[in-house]
Amino acid sequence: MEQRMKISSSPHIRDKESTGSIMRQVMVALLPAAFFGIYNFGMRALLITLLTIVCSIGWEAGYQKLLGRRITLRDGSAALTGLLLAMNLPPDVPFWLPVIGSFFAIIVVKQLFGGLGQNFMNPALGARCFLLISFTGHMTSFSYDAVTTATPLAELKTGGSVDVMSMALGTIPGTIGETCAVALILGGLFLMARGIIDYRIPISYLGTFAGLILLYALAAGRGLDVSFLLAHLFGGGLMLGAFFMATDYVTSPITPAGRIWFGILLGMLTFLFRVFGASAEGVSYAIIIGNLVVPLLERITIPKAFGKEA
Amino acid sequence: MNRTTERLYNGIVKENPTFVQMLGMCPTMAVTTSAVNGLGMGLTTTVILILSNMMISALRKVIPDKVRIPAYIVIVASFVTIIQFLLEGFVPSLYDSLGIYIPLIVVNCIILGRAESYASKNNVWLSMFDGIGMGLGFTIGLTSIGIFRELFGNGTVFNVRIMPEQYEPVTILILAPGAFFVLACLIAAQNKIRMQRAEKKGENSLVCERKDGCIGCTNTLCGGREFEGTQGKEVSK
Chain A
89 MEQRMKISSS
99 PHIRDKESTG
109 SIMRQVMVAL
119 LPAAFFGIYN
129 FGMRALLITL
139 LTIVCSIGWE
149 AGYQKLLGRR
159 ITLRDGSAAL
169 TGLLLAMNLP
179 PDVPFWLPVI
189 GSFFAIIVVK
199 QLFGGLGQNF
209 MNPALGARCF
219 LLISFTGHMT
229 SFSYDAVTTA
239 TPLAELKTGG
249 SVDVMSMALG
259 TIPGTIGETC
269 AVALILGGLF
279 LMARGIIDYR
289 IPISYLGTFA
299 GLILLYALAA
309 GRGLDVSFLL
319 AHLFGGGLML
329 GAFFMATDYV
339 TSPITPAGRI
349 WFGILLGMLT
359 FLFRVFGASA
369 EGVSYAIIIG
379 NLVVPLLERI
389 TIPKAFGKEA
Chain B
290 MNRTTERLYN
300 GIVKENPTFV
310 QMLGMCPTMA
320 VTTSAVNGLG
330 MGLTTTVILI
340 LSNMMISALR
350 KVIPDKVRIP
360 AYIVIVASFV
370 TIIQFLLEGF
380 VPSLYDSLGI
390 YIPLIVVNCI
400 ILGRAESYAS
410 KNNVWLSMFD
420 GIGMGLGFTI
430 GLTSIGIFRE
440 LFGNGTVFNV
450 RIMPEQYEPV
460 TILILAPGAF
470 FVLACLIAAQ
480 NKIRMQRAEK
490 KGENSLVCER
500 KDGCIGCTNT
510 LCGGREFEGT
520 QGKEVSK
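Line by line, the protein sequences give chains A and B. Every letter in the first sequence is one number past the one before it in this note's numbering, and letter 180, counting from 1, is 268. Every letter in the second sequence is one number past the one before it in this note's numbering, and letter 55, counting from 1, is 344.
If we strip away everything but chain A, and leave its shape as in the complex, we get (with noise of 0.2 Å):
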């Protein structure tokens, strides 16, 4: 008899996105912040963005040939790793720092672990880090208009005064792609709409850090100081690290509850760095540190199976 059902394993639903495509769209959902870190910072900044995602493919074709492995730059992941990197990047840095930060995003932390998939903490944010570490002076130098000033972030741990609505729209000096929070947070909504990222993480992080803060400004009889919340909210890299880089697929936890949870360690751990800690910003920090707990928060937080007792 003619064998009429075909049997096969699961998955037997499958969804039209790729990795390619989930990729561009992020990278779409990015590019508002990055044409206004180009538009409010000049050519220097367009150049250091092309230099960056160039040396990050460049970097993963290089080591996948060397070890004789499939070339996968379709995937657009080493592209996008380059475009985050580049937009946690002051615009005046010196060229040959964004070689070596590629180096280490895309080999040190996501080759040598495995590749694409296996990494354990964000690439491009632990480039970042090591970055911040070994070349502090370069990476914490801001200019604005040819002026080097402080971040508005920095102004506020002095106890200076900063200018929310020019926070909010990036007219301020940072790096080349957080300083608009207006673009960062339509990016983040069109990939929310578009299913890319779940909302959990970003929600939860920005409302525990929002809180937090709020407490803060209480206790420190600032009274509900709407300002100085804002001016957190839109300063630094938050909305750049809550909608682009705490959802990174592979180093966020991937169970709904573990998401929250996630969101809220990353909120406590960001306002304990800016308010309690040595610099201005904590961002980077909070999420490499949170991405090394992600394994624990999916193992406590395994969703019961359908049917089991509770």
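Simulated from the structure, these hints should not be mistaken for lab results. The reader is advised that the hints may include incorrect statements.
Below, simulated SDA-like cross-link-like pairs (lysine to any residue); rule was C-alpha separation at most 20 Å, straight line [stated by the list, open to error]:
#1 Lys-481/B to Leu-200/A
#2 Lys-481/B to Tyr-151/A
#3 Lys-481/B to Ser-109/A
#4 Lys-245/A to Arg-310/A
#5 Lys-481/B to Ile-195/A
#6 Lys-481/B to Phe-201/A
#7 Lys-481/B to Arg-310/A
#8 Lys-481/B to Val-196/A
#9 Lys-153/A to Lys-481/B
#10 Lys-481/B to Gly-156/A
#11 Lys-481/B to Gln-152/A
Given the coordinates of chain A, assemble chain B onto it according to the supplied hints.
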């Protein structure tokens, strides 16, 4: 190869404490921020290792088996105290830069490991050479890590500027993570050489020779996979 040179070869190459046995990782990571510190720590440990190996070997028939570990610790601690005072008196700069890691030599597992696995079973002469071999192996390991960290993290080697003035030091290399990066790269490079050499001889470097597990096995090339695969089976070479 006679037994004394075999001991030296064993300590420096075959069972190098840093690169093969991966013992004494605490001083390896902590004090190798410069080549001088690595060399100083290595030589200090070597002297203590030789002295304690000889003393323990000489007393091996006297020390009761049940209290041997405390007895070893007392012997090692005595030598460490003597060396610490000597360093403080004659090379105060090295004493200051090594700091807490000098008294911590007492609990360095290379010293206790050699006492337990070699000196307590062999005569004084061979134990001395075992100490020299292991100590030099440790010194070479620490100094080479120190050279790389100092070269890239500070642009100098033994405080002599090597890199051009424009070179921007990679500060992370003289911080704790840098020790892990450099150690990993050096071990990877050595494993590559070992594997090529074994292939040239026609040996399979991945053959597991131990049936009791990976602890104490010096084959760093298999990474534990071979034992998993050969467990319970008779392994033929």
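Hints versus structure:
no.	hint	in the structure
1	Lys-481/B to Leu-200/A	holds (16 Å)
2	Lys-481/B to Tyr-151/A	holds (17 Å)
3	Lys-481/B to Ser-109/A	violated (38 Å)
4	Lys-245/A to Arg-310/A	holds (14 Å)
5	Lys-481/B to Ile-195/A	holds (18 Å)
6	Lys-481/B to Phe-201/A	holds (18 Å)
7	Lys-481/B to Arg-310/A	violated (61 Å)
8	Lys-481/B to Val-196/A	holds (18 Å)
9	Lys-153/A to Lys-481/B	holds (19 Å)
10	Lys-481/B to Gly-156/A	holds (17 Å)
11	Lys-481/B to Gln-152/A	holds (18 Å)
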